[in-house]
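Single-letter residue listing:
Protein chains: 2
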Amino acid sequence: MNDMTPIATKCSLVEVRPTSGLPEFLPNEQIDFNFCTDVIRKHYELAGAVPLQTPAFERVEVLTAKEGGDSVDRQIYGVARLPTRRDAKAEGAEEPDEDDSSPETGFKHALRFDLTVPLARYTAQNAERLTFPFRRYQIQPVWRGERSQSGRYREFVQADIDVLGDGELDILTDAEMVAITSGIFREMKIGAFVIRLSNRKLLEGFLSSCGVPPGKTAEAMRIVDKLDKVGMAKVAAELATRLGLAASQTELVIRFVSLRGRSDDVVERLKAMAGPAAANEQFVRGLQELEAVAAGVKLLGVPEQDWGLDLSVARGLSYYTGTVYETTLVDHPGIGSICSGGRYDNLASLFTARKLPGVGISIGVTRLISRLIEAGILKGAAATLAPVLVTSLDRRAMDRYLAMTGRLRNAGIGAEPFLENQRLGQQLRYASRKGFRFALIAGETEFAQGRWMLKDLVTGEQSPVADADIEISIAASLKHPSD
Amino acid sequence: MNDMTPIATKCSLVEVRPTSGLPEFLPNEQIDFNFCTDVIRKHYELAGAVPLQTPAFERVEVLTAKEGGDSVDRQIYGVARLPTRRDAKAEGAEEPDEDDSSPETGFKHALRFDLTVPLARYTAQNAERLTFPFRRYQIQPVWRGERSQSGRYREFVQADIDVLGDGELDILTDAEMVAITSGIFREMKIGAFVIRLSNRKLLEGFLSSCGVPPGKTAEAMRIVDKLDKVGMAKVAAELATRLGLAASQTELVIRFVSLRGRSDDVVERLKAMAGPAAANEQFVRGLQELEAVAAGVKLLGVPEQDWGLDLSVARGLSYYTGTVYETTLVDHPGIGSICSGGRYDNLASLFTARKLPGVGISIGVTRLISRLIEAGILKGAAATLAPVLVTSLDRRAMDRYLAMTGRLRNAGIGAEPFLENQRLGQQLRYASRKGFRFALIAGETEFAQGRWMLKDLVTGEQSPVADADIEISIAASLKHPSD
Chain R
1 MNDMTPIATK
11 CSLVEVRPTS
21 GLPEFLPNEQ
31 IDFNFCTDVI
41 RKHYELAGAV
51 PLQTPAFERV
61 EVLTAKEGGD
71 SVDRQIYGVA
81 RLPTRRDAKA
91 EGAEEPDEDD
101 SSPETGFKHA
111 LRFDLTVPLA
121 RYTAQNAERL
131 TFPFRRYQIQ
141 PVWRGERSQS
151 GRYREFVQAD
161 IDVLGDGELD
171 ILTDAEMVAI
181 TSGIFREMKI
191 GAFVIRLSNR
201 KLLEGFLSSC
211 GVPPGKTAEA
221 MRIVDKLDKV
231 GMAKVAAELA
241 TRLGLAASQT
251 ELVIRFVSLR
261 GRSDDVVERL
271 KAMAGPAAAN
281 EQFVRGLQEL
291 EAVAAGVKLL
301 GVPEQDWGLD
311 LSVARGLSYY
321 TGTVYETTLV
331 DHPGIGSICS
341 GGRYDNLASL
351 FTARKLPGVG
361 ISIGVTRLIS
371 RLIEAGILKG
381 AAATLAPVLV
391 TSLDRRAMDR
401 YLAMTGRLRN
411 AGIGAEPFLE
421 NQRLGQQLRY
431 ASRKGFRFAL
441 IAGETEFAQG
451 RWMLKDLVTG
461 EQSPVADADI
471 EISIAASLKH
481 PSD
Chain C
1 MNDMTPIATK
11 CSLVEVRPTS
21 GLPEFLPNEQ
31 IDFNFCTDVI
41 RKHYELAGAV
51 PLQTPAFERV
61 EVLTAKEGGD
71 SVDRQIYGVA
81 RLPTRRDAKA
91 EGAEEPDEDD
101 SSPETGFKHA
111 LRFDLTVPLA
121 RYTAQNAERL
131 TFPFRRYQIQ
141 PVWRGERSQS
151 GRYREFVQAD
161 IDVLGDGELD
171 ILTDAEMVAI
181 TSGIFREMKI
191 GAFVIRLSNR
201 KLLEGFLSSC
211 GVPPGKTAEA
221 MRIVDKLDKV
231 GMAKVAAELA
241 TRLGLAASQT
251 ELVIRFVSLR
261 GRSDDVVERL
271 KAMAGPAAAN
281 EQFVRGLQEL
291 EAVAAGVKLL
301 GVPEQDWGLD
311 LSVARGLSYY
321 TGTVYETTLV
331 DHPGIGSICS
341 GGRYDNLASL
351 FTARKLPGVG
361 ISIGVTRLIS
371 RLIEAGILKG
381 AAATLAPVLV
391 TSLDRRAMDR
401 YLAMTGRLRN
411 AGIGAEPFLE
421 NQRLGQQLRY
431 ASRKGFRFAL
441 IAGETEFAQG
451 RWMLKDLVTG
461 EQSPVADADI
471 EISIAASLKH
481 PSD
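Protein chains in written order, with the working numbering: chain R, 1 to 483; chain C, 1 to 483.
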């Protein structure tokens, strides 16, 4: 087949349309997206984490290990080679491939649905070559086979940081996660936020002490976790009907999970609690942990308005065993948690006998950016990252325009030459549509005078700059923007 | 099911092992990987390109459009949801999903195998909302269902930049690709490289003028393209046996494709050529294009030693129609081309009636990094990006260590506190294993004197620094490294 003559013709165009659940951004939105992932990455790296990227595929046994292997609760995408012409021609000619998979034989590989299972598999596999505590971050897409009607994403980027200990991991590590979260959202400048902190042992101990039977605390935590979404009355009703709690017990629980505020106040009230909770071992340990984490957060210099305790935070269906976090935007509670995480006792128990306790947070970047764009918080600024368009007023002087472009780039200033044969007006229209900050303009007159016109496309002002001063002049304006 | 009690136990650990064809890096290697992609991204952005990310899935018709739809030449991975417990329980309860796919019904979606088809689909789909010329870059993984025996990668990251015109695109754009490539590999500091430039029209025209029939020029170009790999004798033999060229014709072709060197010299020799080639329209147009591109490359200030013309570059099976590029490392020719690309007439003819000519280059990052590591060119430096480990000599002073960590991070200096209960010796061993540049050490004595010991882990030197001067002192050392 000759690659240069496609079979399809204009009368049989392949239809192109967005696929639901697979979000895709326009250039100005993707620039915002990258700004946010850059900020996250910067703060993860400032905190000493190293990057990790894992392949999109994992073996199906690895992804379904938690469910026991033969069936899955999560919506996972299997992958298998499409049949090819070569297969059809030379059936059986190749040895069957040990790692191969096909729809007929069942899937051998599937796409990761989170970044936690790959972290567990990677750490178990490379434990001897890693240095513990292992601080890693991972910013990659994950895939979930959601039905398209659900309005959920089938592919979305997650940005996780975790610290894993070998055998043990100091509780102060949990405080670092709050400092990292605060650093990220301060720099993103997406409005006031609050990192809400709690501890599952504390809540579990309290629920036990209220008479919730041990087998039911997980369900009780799931109910309580919905407090912010469904409100107090509904949580009370569910606790009564689904767990059979008496009215007095329900009231105790509701009062407990309504506790929120500055850490000193909440800790003081928890310490002052009398009754069965104070005698519950889990409760006491949870309180110690929470107090230590809160003290660490203060020492790391996290601004007071950025965080607080909130005992309703339980991280419903998760595997967390101690500290838990959620972060919400103060003025946009409807967006829900924009960064969640917690402490777990043993990450990779399915893959290794080595005990790996850890703590981590996760930011669902695609969802966050989409919501921020919808809410008008991210405005999708310019559709260019380069600040300068070098226009071509006089095509005979193209040599000068190209040379100037090269000079600007060498000085670290992003520059695009306008190479098409169009009038200056059209070129400037292109510049403003893409959102360039400056246009450089020069023709015979300017060249004769050894200068260029530097047009500030934000203010509309235009001023002559000597040829030799162009880089310095633009660099200075970019450092001290006039707007 | 209670998520907190996994079904599998220690006696039934799920095996973890590397999967062939799915490369995965250790932290120090991943840091090198990210350094390289950061350099690429920086230069793509300096050249005015905007980022694009597309979903991993495309509809199968889109990916196979070129092959006509019902069968494929490339090894493509289809994706389909694994059956879930919910499916088994509630068969038929949900409406069939328009966008859904399953192995039984055939795959509706598959993973992209390059970044060109997604670019074509995206541009066709969003043409009305994009500004042309559309300069975009895309750094994402692609997947190819290679047999694992082949030693090829099944997942690898590509870093592409393309400029697409609406109807037309000036030839000088082709020169920019050479400038961008040069900027990238200079900054990567991976040794001397040469960007080899040619033009398919020129070669095609020459082959025609030598008597290669029109239907055979594509095959001839494929043979010629292997010159660097298989040598002159083999190319000559293939031209004779497969295309039936006479010895005199073969000699002409071999002499032509052996032309390489500085652009002025080669262009001069091409212009001086008499005989049938000089009268061939394709040849003449190709020569004009090549001359214009070479002139542009010079004007953009690309250093002379970084590039040259090489008429054997033909980009075998590709869809290029004019300028073609390949880049090789001078001291490591065995690594092959590390950056390739070219000009094409019409990117998205399968998806839109709009004519979109373009030019682009592609760097196979995963392959490049793997080869650079194998060849010892990238040495996998430190396994940390943060330069400072704040040790904890005296656990009672943990408040001071945490506060110092917060201070360093606020000053933009990556810092990790050592939080585990271990002796200083173990802490310093951790520091050198991970490759920290500095360790901060302080106990009662130092705190009484209001200072810290700053240990340079590269030189081994240790010096006292006043508490208030820590950030300034470290920042200064990082700017002017002592090694």
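None of these hints come from the bench; they were simulated from the model.
Treat the hints with care, as some may be off.
Which copy is meant is left open, because identical chains are indistinguishable; a pair holds if it fits in one copy or across any two.
Stated by the list, open to error - Think about it this way: if two alpha-carbon atoms lie no more than 25 Å apart in a straight line, the pair counts; the simulated SDA-like pairs of lysine to any residue are:
#, residue 1, residue 2
1, Lys42, Met188
2, Lys42, Asp32
3, Lys271, Glu289
4, Lys355, Leu13
5, Lys189, Ile254
6, Lys108, Leu13
7, Lys42, Leu259
As the structure is a computational prediction, the values presented were derived from the model and not from experiment.
Checked hints:
no.: 1; hint: Lys42 / Met188; in the structure: both (11 Å within a copy, 21 Å between copies)
no.: 2; hint: Lys42 / Asp32; in the structure: both (15 Å within a copy, 16 Å between copies)
no.: 3; hint: Lys271 / Glu289; in the structure: within (13 Å within a copy, 80 Å between copies)
no.: 4; hint: Lys355 / Leu13; in the structure: between (56 Å within a copy, 13 Å between copies)
no.: 5; hint: Lys189 / Ile254; in the structure: neither (34 Å within a copy, 62 Å between copies)
no.: 6; hint: Lys108 / Leu13; in the structure: between (35 Å within a copy, 18 Å between copies)
no.: 7; hint: Lys42 / Leu259; in the structure: neither (34 Å within a copy, 48 Å between copies)
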